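Enquirer: Sequence:
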Amino acid sequence: MFDIQLIIREKERVLAAMRKRNFADINLVDKALELHEKRRRLITEAETLRAEQNRRSKEMPQVTKNGPPEEKRALQEELKVLAEKVKSFQPLVRAIEEELAAVLLAIPNMLPDDAPEGGEDNAVFIKEWGKKPDFSFAPREHDDLCMRLFDFARGATLAGSRFAVLWGPLATLERALISFMLDIHTRERGYTEVLPPFLVNRATMTATGQLPKFEEDLFRTNDDLFLIPTAEVPLTNLHRGEILSEEMLPLAYCAYTPCFRREAGNYGKDTKGYIRQHQFNKIELVKFTRPEDSETELLKLLDDAEEILRRLGLPYRVVRLAAQDQGFSSAKTYDIEVWLPGQGRYREISSCSTFTDYQARRGDIRFKRKGAKATEFVHTLNGSGLAVGRTLIAILENYQRADGSVTIPPALRPYTGGWEKIEPT
RNA sequence: GGAGAGAUGUCCGAGUGGUCGAAGGAGCUUGACUCGAAAUCAAGUGUGCCCCGUUCGGGGUACCUAGGGUUCGAAUCCCUAUCUCUCCUCCA
0 MFDIQLIIRE KERVLAAMRK RNFADINLVD KALELHEKRR RLITEAETLR AEQNRRSKEM
60 PQVTKNGPPE EKRALQEELK VLAEKVKSFQ PLVRAIEEEL AAVLLAIPNM LPDDAPEGGE
120 DNAVFIKEWG KKPDFSFAPR EHDDLCMRLF DFARGATLAG SRFAVLWGPL ATLERALISF
180 MLDIHTRERG YTEVLPPFLV NRATMTATGQ LPKFEEDLFR TNDDLFLIPT AEVPLTNLHR
240 GEILSEEMLP LAYCAYTPCF RREAGNYGKD TKGYIRQHQF NKIELVKFTR PEDSETELLK
300 LLDDAEEILR RLGLPYRVVR LAAQDQGFSS AKTYDIEVWL PGQGRYREIS SCSTFTDYQA
360 RRGDIRFKRK GAKATEFVHT LNGSGLAVGR TLIAILENYQ RADGSVTIPP ALRPYTGGWE
420 KIEPT
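Numbered by numbering that gives the first Met the number 0, the letters in the first sequence go through residues 0 to 424 in order.
Once the Cα atoms are required to be at most 27 Å apart in a straight line, the calculated DSSO-like pairs of lysine-lysine come out as:
1. K64 / K79
2. K271 / K131
3. K212 / K37
4. K420 / K130
5. K84 / K37
6. K367 / K299
Simulated from the structure, these hints should not be mistaken for laboratory data.
Since the model is a prediction, treat every value here as computed from it, not as a measurement.
Starting from the given sequences, assemble the full structure and let the hints guide the process.
Expert: The structure is reproduced here in structure tokens:
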């Protein structure tokens, strides 16, 4: 929910941010102002009448007890008319408020002034880590290795395109990665592990920003529940409608969940291999912070995600997304991109963002400072820590050997029953 | 799936048609006491919106799970939904 007050106070800045995002419906801002003004006028009028009704109504017990019956009847008649009038405002006000809410829900989050201009190609390089492996042979792509263990044909039989079955060592490797990542985040990085529902309702999807605008990206059930596209959704909604106390903050949660995405609009993109699936596993990190802490907490969260790649010895770089490439609800996003030698390029493996108070506003997630009277919205942050399937791909491609076998990174071996490699298939 | 009970403020909990934004308690804040803490005592302590004055208040309005309804008037009565609990049924 965009803050109408911000529009009133700083319309030009809001518009500038929307233009920077290359957001089409810029007229939403004027629409919001207009509706807000209309609503104010209506409310003022309706509440004046209502006050009159309440005032007169208070006379009723007195009149009933002591007054003559005619006086009571007269008062009743009068109040009936007033009540009708007051009630006639209800549908008008509600219609306007619904319209205004719809408009405010459709406006993307504000951007910080230093948000980089441009789109996908304008991401700003932040840093890189690790040494790209040197191969004495032409490195293969992940699905070219372990060919029999990635079973896209049977995935298609069972469900359709963009579904896969993993066999044997790959299934184990995926499971090992999940435990490995969760252990690091919970034991070393202070996150509380959560196992949330994988299906959520409309209100939950609306708070984090997937609804109402992006329904076509989601899988929906007959019961009007949605399969989560990321654990960000249930984790961020954990405190929806709550007032947290300042001492609780920052809160840090992590969760393993499968993620389900329609991938609408990605036809023909990454159709080969395990890169882009309708269902994939992800470890997600979510934080709730005071507004003044969100910047530093974002950097910490980013480092928590990077740590997984460092432990696994996978080379990566970090970029800051340009305005047009950023998510609708996000104010600032860092992507971690892992090196994939088979593809010969970096691919996104984690996206770490601050949503400032945008999701908190939509989900009514507030906190109260010690000693303060007023409540404030928290800031919410999240990032992948990491996308499991893509980590598996990165291991295969970076640790492949000439004979088609794959070395298991040492840090992971306690989780794979001590295996040191996956044999070629 | 069947039968019944319930949902009140940060928490616990009273309230069954008007004087209820809501008793009481806990918590929290401030003050007193104290070298300090604890204990004790006193005062204060929900949120959104609208209007007016605009350090900071004042007035109004709405909110007692949500949405409808009855009524001049609803936390209180009726209907629906959601959730929780108990019993039965079923189930990994």
